[in-house]
Every structure is written in structure tokens, then in C-alpha cells.
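Colleague: Please construct the entire structure, taking both the sequences and the accompanying hints into account.
Counting from 12, one number per residue, gives the positions in the sequence shown under our numbering.
The set of hints was computed from the structure by calculation and includes no laboratory data. Be aware that one or more of the hints could be misleading.
[Stated by the list, open to error] List of simulated lysine-lysine pairs, PhoX-like, C-alpha gap at most 25 Å:
{"#": "1", "residue 1": "Lys399", "residue 2": "Lys241"}
{"#": "2", "residue 1": "Lys196", "residue 2": "Lys186"}
{"#": "3", "residue 1": "Lys399", "residue 2": "Lys150"}
Just so you know, these numbers come straight off a predicted model, no measurement behind them.
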Amino acid sequence: MLFHSLHAQQSGVDIEQVICSIRDRLNISAFIQAWQRVVERHPVLRTSFDWKSDRQPLQCVHLQPAIEIEREDWRSLSAMEQEQQLQVYLQRDRALGFQMDRLPLMRLALVQLGDRDYRLIWTFHHAILDGRSLHIVLKEVFTFYDAFCLGEDLEIPQPRPYQDYIQWLQQDWSKTANFWQQRLKGFTAPTPLIANSTLAKTLNTDLEIVDRSFGNRELRLSEQTTAILKSLAQQHQLTLNTLVQGAWAILLSRYSRETDIVFGATRACRHSSVAGAESMVGLLINTLPVRVNVSPEQQLLPWLQELRSQWVTLRDYEHTPLVNIQGWSDVPSGTPLFNSLLVFENYELNSALRAQGSRWQNLEFRLEEQTNYPLTLVSCAASELLLKLTNQSIE
Numbered sequence: 012m013l014f015h016s017l018h019a020q021q022s023g024v025d026i027e028q029v030i031c032s033i034r035d036r037l038n039i040s041a042f043i044q045a046w047q048r049v050v051e052r053h054p055v056l057r058t059s060f061d062w063k064s065d066r067q068p069l070q071c072v073h074l075q076p077a078i079e080i081e082r083e084d085w086r087s088l089s090a091m092e093q094e095q096q097l098q099v100y101l102q103r104d105r106a107l108g109f110q111m112d113r114l115p116l117m118r119l120a121l122v123q124l125g126d127r128d129y130r131l132i133w134t135f136h137h138a139i140l141d142g143r144s145l146h147i148v149l150k151e152v153f154t155f156y157d158a159f160c161l162g163e164d165l166e167i168p169q170p171r172p173y174q175d176y177i178q179w180l181q182q183d184w185s186k187t188a189n190f191w192q193q194r195l196k197g198f199t200a201p202t203p204l205i206a207n208s209t210l211a212k213t214l215n216t217d218l219e220i221v222d223r224s225f226g227n228r229e230l231r232l233s234e235q236t237t238a239i240l241k242s243l244a245q246q247h248q249l250t251l252n253t254l255v256q257g258a259w260a261i262l263l264s265r266y267s268r269e270t271d272i273v274f275g276a277t278r279a280c281r282h283s284s285v286a287g288a289e290s291m292v293g294l295l296i297n298t299l300p301v302r303v304n305v306s307p308e309q310q311l312l313p314w315l316q317e318l319r320s321q322w323v324t325l326r327d328y329e330h331t332p333l334v335n336i337q338g339w340s341d342v343p344s345g346t347p348l349f350n351s352l353l354v355f356e357n358y359e360l361n362s363a364l365r366a367q368g369s370r371w372q373n374l375e376f377r378l379e380e381q382t383n384y385p386l387t388l389v390s391c392a393a394s395e396l397l398l399k400l401t402n403q404s405i406e
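Modeller: Below is the structure:
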């Protein structure tokens, strides 16, 4: 990820933005104080990277910097102008990127749209945070904020340091080499992709297209359809993730006209490392290659069950660095193992936070993200299955 950022500066790659709509009065000083406290609690929020020394790249923790929040006042603009201005701001902010060797690798902006209407823009580099961490950070920020507004202090148990996880990762991963060599044996080139315009025309017309901007499409299955899929998966000892992976593999096979398919898939990696990793703030996810044989002769359910079995087997190897796996494969050096990435989340950020109680009903969250892969599918298993398809550049 660091390599991608250094070689694709100002491209927006691996820059993530959480946009929080706050429809309530806001105590600015208490809000800044809340963010300050959270940054104090989690050293990863005040880290930078040193890759210029002779050693391997290092993630360096710095002393606590003062939190700064950029302020914008757009109350004089119409609702349409505000939305247009927000999109322009987000694009410019994403293109600005970060200098990886300098603090901070996150920034905050607060836009006032009305007397009780704000937009918080939290921009950060994906190298310091994963999706599970966002939930933890945002929950803490607004919990501290509520306490500070009442003139109270608050003590939250300190999570296990992220440094412990980094130290745990410094082990000999060559013990997993045989597994990955056998898993990828004979696979010599990444599965090709087709033009986005062709793919878009084939999307099922009963899906609601929310965002029609080029390269970014958001699709949402109905609550009824989602419930049917969940029931089907449970009935056959599968998961919703299995169904999404299967559909993705079939789609890639159909348009690449290949039967030996490999795509990348992320794993949370929080339950198979150090104790306490579930509450850590940092980057714990890993991306692994998933190899699938797609043949018209195969029966669907046994094929899906085999896919599920493969995913379970990967638990014992999910921390293996992708760069090592790449080196053990038959794909030539310098060529990626896969051109597409599948991210499956068991919850949607907005739904998960708002489900915590009435206090969260005046808040709304959305996440904008951009990977370095030509095609990325992010799937969120809320009451309505959310599918977000992002196209960078498909040849």
C-alpha cells in the first residue's frame, strides 16, 4: 500500500473519506476536544512512514500534535450549490493525498450548511486504518463529545496497542509457502477484465442505481431479496459472502472467457492473531488471492460449498503478506496476481453506528474509498445488500 501511494501520488489511490452529516447543534470546542482525546488514545493516528533508510519501511509514532479542523461556511449557498461544492471539495481533497513521511496522515474539515446542519469530512490514508477501525474511532469521538458537552470527563478502557500486532507479524512466513505454491500452481497471468461500459450495460435492471457517475456505481438489493439470499445461504451451510464471491467469480469468468479465475479478497484478520485485536485501531486487514474454477458442468451448490471450504481453509494462512504470496506464484515478477478486488463487510458503517441508539439518529455516515485495483467490488451485508463497484482503469 505504501508502494502504491509513493508511485501514484495525487491519484487518490488508498485515500479514504468518511462524510458525516450532523443535523444538530454542534459545540465546536467540545468536538475538537473529542477528536484530540481519540488521537491521544490511538498512536496509529499520529504515525508516519520512513522508507528512506536502509532498513525495511518503518511506521513511526510521533508526539501528540494539536488537532486542527478546517472550517467552511456554505450557508449562503443553495442546497444544489452546497452539494456541488461538496463534490468539488471531496475530489480536490482526495487528489491532495498525503506525504507519507509527514504528519498527519489524516485531516478533518467541518462544513456548516445551516444552523443545525454540518458535514464532517474525515480524510485519511488507508495505510493507517481499516474498516473495523472506523467504527471504533467514530463511536469514541461522539461518546467523548457527549461527555464534554455536559462538562464531564470520561474514561474508556485503553485497547491493546497496535504495536503488539505489528510485532506479532514479524515472523517467518516461509512456513506458509508450500500452501500458496500448491494453491496457485499453474496460474501464470492475472484474470483479464473487460471495458466498464460493457459491464454496466449488463447489470440487472431491477437493481437501483444510486450513483451514475463514471467509474463508480452503487447497487442495492431489496430487503426481501437480501433476506432470501441470507436464508438460502444458511440453509446450505454457506454465507452471504460465499454467494457474493461465487457471483463475482462467474461474472469474471463470463467476461474474461476464462475458467481459471483469481481475484483478491480482503480478510479482517482480527480473530486469528493477538488477543485484544478486535478492539485495536490500525490496519489489520490483509488481501489474499482466491482461485476459483468456473465450469458450466459443475453443479451450483457443491461448487459454492467448495468455495466456502476454501475460504475457511484460508484462516490458517490469512496473515501471509501478499508480496510473499506473489513471489511464490508462477505469475512473473512485476505482474499483479489479480486485477479485481472483492471486499465483503458484515455490516454497513452507517447502519452499524445508527443502530446504537437514538443519540445516533441525527448522524449519517458514508465512506468514499479508492483502491489501486482496476475493478473493486465492496459489498456490505446490511438489511439491504449494498454493492459498490469502482472502476479505475480497465484495459
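Colleague: Which hints from the list above does the structure break, by number from lowest to highest?
Modeller: Checked against the structure, no hint fails, so every one of them is satisfied.
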